Amino acid sequence: DAGITQSPRYKITETGRQVTLMCHQTWSHSYMFWYRQDLGHGLRLIYYSAAADITDKGEVPDGYVVSRSKTENFPLTLESATRSQTSVYFCASSESYQLHEQYFGPGTRLTVT
Amino acid sequence: AQSVTQLDSHVSVSEGTPVLLRCNYSSSYSPSLFWYVQHPNKGLQLLLKYTSAATLVKGINGFEAEFKKSETSFHLTKPSAHMSDAAEYFCVVSRSYGGSQGNLIFGKGTKLSVKP
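So the protein lines, in turn, are chains A and B. In terms of our numbering, the first sequence is residues 1 to 113. In terms of our numbering, the second sequence is residues 1 to 116.
Bear in mind the hints are in silico, worked out from the structure with no lab data behind them. Bear in mind that the values here come from a model prediction, so they are computed numbers and not experimental data. Just so you know, even glycine gets a beta-carbon here, dropped at the ideal spot from N, CA and C. You can take every hint at face value.
Ranges of calculated distance between the beta carbons of each label pair, as one might list FRET restraints:
| id | chain 1 | residue 1 | chain 2 | residue 2 | range |
| --- | --- | --- | --- | --- | --- |
| 1 | B | Arg22 | A | Thr82 | 35 to 41 angstroms |
| 2 | B | Thr51 | A | Trp27 | 14 to 20 angstroms |
| 3 | B | Pro18 | A | Ser80 | 46 to 52 angstroms |
| 4 | B | Ser14 | A | Thr113 | 38 to 44 angstroms |
| 5 | A | Thr15 | B | Glu15 | 44 to 50 angstroms |
| 6 | B | Pro79 | A | Glu79 | 49 to 55 angstroms |
| 7 | A | Thr113 | B | Lys111 | 27 to 33 angstroms |
| 8 | B | His10 | A | Thr113 | 27 to 33 angstroms |
With the sequences and hints as input, model every part of the structure.
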């Protein structure tokens, strides 16, 4: 049971480049989430999705784009990477929204130079 | 509004001694509460959850937490610490609604160190 996977695990890119982080879950969970984790800020929600083709902004969506054409995949794209987007990115999924736990992927450590 | 406060940013214990990580919450309704653990360079793993069934919740790796409504607390305990327990622990409360901050409110984390 693979659960939830992210790729790549580590990425170094240059300012201005487009980067896509992949997230895949095998549970058929309806909800999927993207967070970034930074020292001093904890976990902040970037975008989330309630189902295929339904996405919504989180707390810090600027500079990011998401799509969800299939239930199992939820890619996150940085259209033009900036140094402030250097962070660890976590994808998560959940069966439901209200009062339910989320299951997290292993994370992608992104460095923008 | 809901909120969660982890009372200690860092806890240090010796191997074999008890662990206590403290968490207080604020909620206007009966919440769901979770503890997650994050080992270095890893994702967050669900340790245990409370969803209004038994107030004493048992989780993985010998951890347990007790929901105390009168004290609005959900402290995490383990009778005997192991070196592998060294990690960061997050107390999390679920909102009754969503919005731009999502449906989970994360505490700031408690870093647990275990000395040999």
